[in-house]
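Line by line, the protein sequences give chains S and D.
By full-length UniProt numbering, the letter at position 8 of the first sequence is numbered 8, and the numbering carries on one by one without gaps.
By full-length UniProt numbering, the letter at position 211 of the second sequence is numbered 211, and the numbering carries on one by one without gaps.
Don't read these hints as lab results, they were simulated from the structure.
Among the clues, some could well be false.
It does not matter which identical chain is meant; a pair holds if it fits inside one copy or across any two.
Said to hold, decoys possible - For lysine to any residue, the following SDA-like pairs were computed, each having C-alpha atoms within a straight-line distance of at most 20 Å:
1. Lys12 - Leu190
2. Lys154 - Arg70
3. Lys114 - Leu90
4. Lys114 - Phe81
5. Lys84 - Ile158
6. Lys12 - Lys75
7. Lys219 - Ala235
8. Lys165 - Asp216
9. Lys12 - Pro191
10. Lys84 - Asp141
11. Lys165 - Gly83
12. Lys219 - Gly244
13. Lys219 - Ser197
14. Lys49 - Leu190
15. Lys84 - Arg166
16. Lys84 - Ile119
17. Lys12 - Leu27
18. Lys225 - Leu120
19. Lys165 - Ser143
20. Lys75 - Tyr132
21. Lys84 - Asp162
22. Lys202 - Leu27
23. Lys202 - Ile252
24. Lys213 - Ala15
25. Lys49 - Glu80
26. Lys154 - Ser230
27. Lys75 - Lys202
Number of protein chains: 2
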Amino acid sequence: MSGVFFPISETKHLAPGSTCPEVTPGLMRLYNMKFCPYAQRTRLVLAAKRIPNEVVNINLVAKPDWYFARNPLGKVPCLEFDGKVIFESLITCDYLDEVYPSSPMLNSTDPFRKAQDRILIEMFNAVNSNLYKLYRCSLDDESTWKGAIVGIHKGLQIFEDDLAKREIQFFGGQNPGIVDYMIWPWMERLPSLPILSHEMLKVQMENYPSLVKWFDAMKEDDAVKESFISPENHAKFITSFLAGNPEYDMEINK
Amino acid sequence: MSGVFFPISETKHLAPGSTCPEVTPGLMRLYNMKFCPYAQRTRLVLAAKRIPNEVVNINLVAKPDWYFARNPLGKVPCLEFDGKVIFESLITCDYLDEVYPSSPMLNSTDPFRKAQDRILIEMFNAVNSNLYKLYRCSLDDESTWKGAIVGIHKGLQIFEDDLAKREIQFFGGQNPGIVDYMIWPWMERLPSLPILSHEMLKVQMENYPSLVKWFDAMKEDDAVKESFISPENHAKFITSFLAGNPEYDMEINK
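Excised from the complex, chain S in its bound form (with noise of 0.2 Å):
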């Protein structure tokens, strides 16, 4: 099977007054948020693992009351199936990994190298941290964004070394697993960043050779494709929503 793995359907966002879709009974349920890269985690793996879903997106900034019956927390991802409800994206994205072990399975079965993975994808904090550092920052805050700048090349030169090290296209072999996924949506965004505010905010790769060929393949990678959004849409989105009214539909009226 190939070719891009789109829902079953998908909501506009939801906001207070809205009611909750019915449940398709039998089917996996993601709450979501169009721009959230938590949530695209879980989308990257459902996509990846080729789960019928539908997808329910959530205002963030105005969240329907019914949506705190589901999660406590009111954040995306959020699973729902069978009345049962799971969130928080890694465990949402390993859930299903454990329930749907047909290929391609996207942890490693080896303990060893499953237990690296996940320190990995907790060092890749270094980046997704400073990426919303940088989002916010003004540019008159010198050593702020200097200093996240700093931070995403120590994150970045972490996964270039390992990359490297491995001599395989993706942290999870021939194709993408746990690693690449969980990483994927920051590494999307940052491109977004010399289109949102300055050409200085410009993350350059040129000492990341593994990681550019890594990105490249990565866009080709029909997971990816169904749930990317250009650099330039990040931009407009991160734009309206720094100004107090996020375009969450963007993406689903074009």
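Got chain S; can you put chain D on it based on the hints?
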């Protein structure tokens, strides 16, 4: 087999100028700090699963250089065995549970129960983050300590409700499981608060009858006994730590 299970050997807290003790082939080594709640998680799992191990304690305010060759982050816990290294408390614990599946298995073999347990462990952050706030805050800063105590009660209520709903002694069932051991280190430290500073920081437990019973049962567990430190000594350590002169070896010299 019953009775308290000790590690085979345990060093004082090693600092710069020390030499890394030679590795014992085939023996699991834990890099630890006697009062670190995260490292205690791993220690509890080693003891619960009766995995023979040696403990090398690390002075965390003055770390020996050689330690960074094991863990580039310089944190504990860290496991070393057969030239391999794993760190991050939850990752070390899950790894041990996977490679030593002999009784007792701490994670549920049901993927949904396992996911629910991982969510519960995440939710315990409400308790552990606020405990450390209380350790550090001044009693003059009333809004901070009152807010932290409210946060702890919110967290405890989640666990009380969950335990009452399960109608079992431990979160793991008849015996402690992964949730029990992952939250225990901070539960052990809660009674140190009123000793450390003031009776008003005492976390009143009368609204948590299931948790109180759980607490008493946990104190009788062999794995808990192995690393148990009294509220008095926790308070003494925190006092020395906040004064800039942590008494790391207090429990080893006794």
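Hints, verified against the model:
1. In this homomeric assembly, Lys12 and Leu190 never come within 20 Å of each other (Cα to Cα): the closest approach is 26 Å inside a single copy and 45 Å across copies.
2. For the homomeric pair Lys154 and Arg70, the shortest alpha-carbon distance between copies (18 Å) is at most 20 Å, but the shortest distance inside one copy (38 Å) is not.
3. Both within a single protomer and between protomers do Lys114 and Leu90 lie at most 20 Å apart by alpha-carbon distance, with minima of 13 Å and 13 Å respectively.
4. In this assembly of identical chains, Lys114 and Phe81 lie within 20 Å of each other by CA distance solely across copies; the values are 16 Å between and 27 Å within a copy.
5. In this homomeric assembly, Lys84 and Ile158 come within 20 Å of each other (Cα to Cα) only across copies, at 18 Å, whereas the closest approach inside a single copy is 37 Å.
6. For a Cα distance limit of 20 Å, the shortest separation of Lys12 from Lys75 inside one copy, 17 Å, qualifies, whereas the shortest one across copies, 44 Å, does not.
7. Taking the shortest alpha-carbon separations for Lys219 and Ala235, only the intra-copy value of 18 Å comes in at or below 20 Å, while the best inter-copy value is 53 Å.
8. For the identical chains of this complex, Lys165 and Asp216 are intra-copy neighbours only, at 19 Å inside a copy versus 49 Å across copies, given an alpha-carbon limit of 20 Å.
9. Taking the closest pair of Cα atoms, Lys12 and Pro191 never come within 20 Å of each other, the shortest separation being 26 Å inside a single copy and 49 Å across copies.
10. Within a single copy, Lys84 and Asp141 get their C-alpha atoms no closer than 46 Å, and across copies no closer than 42 Å, so neither meets the 20 Å cut-off.
11. Taking identical chains as interchangeable, the C-alpha atoms of Lys165 and Gly83 lie at most 20 Å apart only when they sit on different chains, with a minimum of 17 Å there against 44 Å within one chain.
12. Taking the shortest Cα distances, Lys219 and Gly244 never come within 20 Å of each other, neither inside one copy (31 Å) nor across copies (51 Å).
13. Taking the closest pair of Cα atoms, Lys219 and Ser197 never come within 20 Å of each other, the shortest separation being 24 Å inside a single copy and 56 Å across copies.
14. In this assembly of identical chains, the alpha carbons of Lys49 and Leu190 never lie at most 20 Å apart, being 26 Å within a copy and 43 Å across copies at closest.
15. In this homomeric assembly, Lys84 and Arg166 come within 20 Å of each other (Cα to Cα) only across copies, at 16 Å, whereas the closest approach inside a single copy is 38 Å.
16. In the homo-oligomer, the alpha carbons of Lys84 and Ile119 lie at most 20 Å apart only across protomers (13 Å), although the nearest pairing inside one protomer, at 29 Å, exceeds that limit.
17. Taking CA atoms no more than 20 Å apart as the test, Lys12 paired with Leu27 passes inside one copy only; the shortest distance there is 19 Å, against 56 Å between copies.
18. Proximity of Lys225 and Leu120 under a CA criterion of 20 Å is satisfied in neither setting, with 24 Å inside one chain copy and 33 Å between copies.
19. Taking the closest pair of Cα atoms, Lys165 and Ser143 never come within 20 Å of each other, the shortest separation being 33 Å inside a single copy and 51 Å across copies.
20. Only within a single protomer do Lys75 and Tyr132 lie at most 20 Å apart by alpha-carbon distance; the minimum there is 17 Å, versus 25 Å between protomers.
21. In this homomeric assembly, Lys84 and Asp162 come within 20 Å of each other (Cα to Cα) only across copies, at 15 Å, whereas the closest approach inside a single copy is 37 Å.
22. Taking the closest pair of Cα atoms, Lys202 and Leu27 never come within 20 Å of each other, the shortest separation being 41 Å inside a single copy and 47 Å across copies.
23. Taking the closest pair of Cα atoms, Lys202 and Ile252 never come within 20 Å of each other, the shortest separation being 28 Å inside a single copy and 52 Å across copies.
24. Proximity of Lys213 and Ala15 under a CA criterion of 20 Å is satisfied in neither setting, with 40 Å inside one chain copy and 42 Å between copies.
25. Within a single copy, Lys49 and Glu80 get their C-alpha atoms as close as 17 Å, which meets the 20 Å cut-off; across copies the closest is 34 Å, which misses it.
26. Proximity of Lys154 to Ser230 under the C-alpha cut-off of 20 Å is found in neither arrangement, the shortest distances being 25 Å within a copy and 41 Å between copies.
27. Within a single copy, Lys75 and Lys202 get their C-alpha atoms no closer than 30 Å, and across copies no closer than 32 Å, so neither meets the 20 Å cut-off.
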